[in-house]
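Mapping of the sequence shown onto the numbering used here: position 93 corresponds to residue 129, and the numbering continues sequentially without gaps.
Treat the hints as calculated values from the structure; they're not laboratory data.
You may find that some hints are simply not true.
[Unchecked claim] Listed next, the in silico DSS-like pairs over lysine-lysine satisfying Cα-Cα at most 25 Å (straight line):
#1 Lys122 - Lys102
#2 Lys56 - Lys42
#3 Lys111 - Lys122
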Amino acid sequence: GDSADKHAREIEAVKAAHNKLAAESRGHGLNHSGMAEKVESALKAHGSMQERVMYLERLLGDSFDKHAKEVAALKTAHDNHARGQKEQSAKHASLEDRMDYIEKVVGDSADKH
Numbered sequence: 037g038d039s040a041d042k043h044a045r046e047i048e049a050v051k052a053a054h055n056k057l058a059a060e061s062r063g064h065g066l067n068h069s070g071m072a073e074k075v076e077s078a079l080k081a082h083g084s085m086q087e088r089v090m091y092l093e094r095l096l097g098d099s100f101d102k103h104a105k106e107v108a109a110l111k112t113a114h115d116n117h118a119r120g121q122k123e124q125s126a127k128h129a130s131l132e133d134r135m136d137y138i139e140k141v142v143g144d145s146a147d148k149h
């Protein structure tokens with residue numbers, strides 16, 4: 037009698053402790069899986085942040101390179117234009133030289149008047 041009852045109570049106590057432990061274990065498992073998801077999400081977000089920074093660096097670098105090329109092209113165009121104007125000026129006689137030539141050809145000068 038007593039021994040069987042005592043044994044039955046001990047078995048119930050062990051079952052209750054086992055059920056409590058199993059429930060706590062499931063809770064820990066859920067917490068750990070939730071934490072794993074959070075860590076994975078943070079790692080993905082970090083990766084996308086890194087990708088964003090790389091994109092911005094590439095964009096700014098491309099923009100800088102493009103502008104540097106445009107500035108260099110403008111400087112070259114300006115130099116060519118200035119050189120062309122200088123050459124053109126050299127080809128044209130001054131107004132005074134032209135008047136002297138006309139007066140010489142016509143045989144008339146301001147001194148005669």
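Going down the list of hints, with the structure as the test:
Distance check on the hinted pair: Lys122 and Lys102 sit about 30 Å apart at the alpha-carbon level, beyond 25 Å; violated. For the suggested pair Lys56 and Lys42, the alpha carbons sit about 21 Å apart, so the restraint of at most 25 Å is met. Proximity of Lys111 to Lys122 is assessed by CA-CA distance (about 16 Å); at most 25 Å being required, the pair is judged to hold.
When held up to the earlier numbered hints, the structure conflicts with hint 1 and nothing else.
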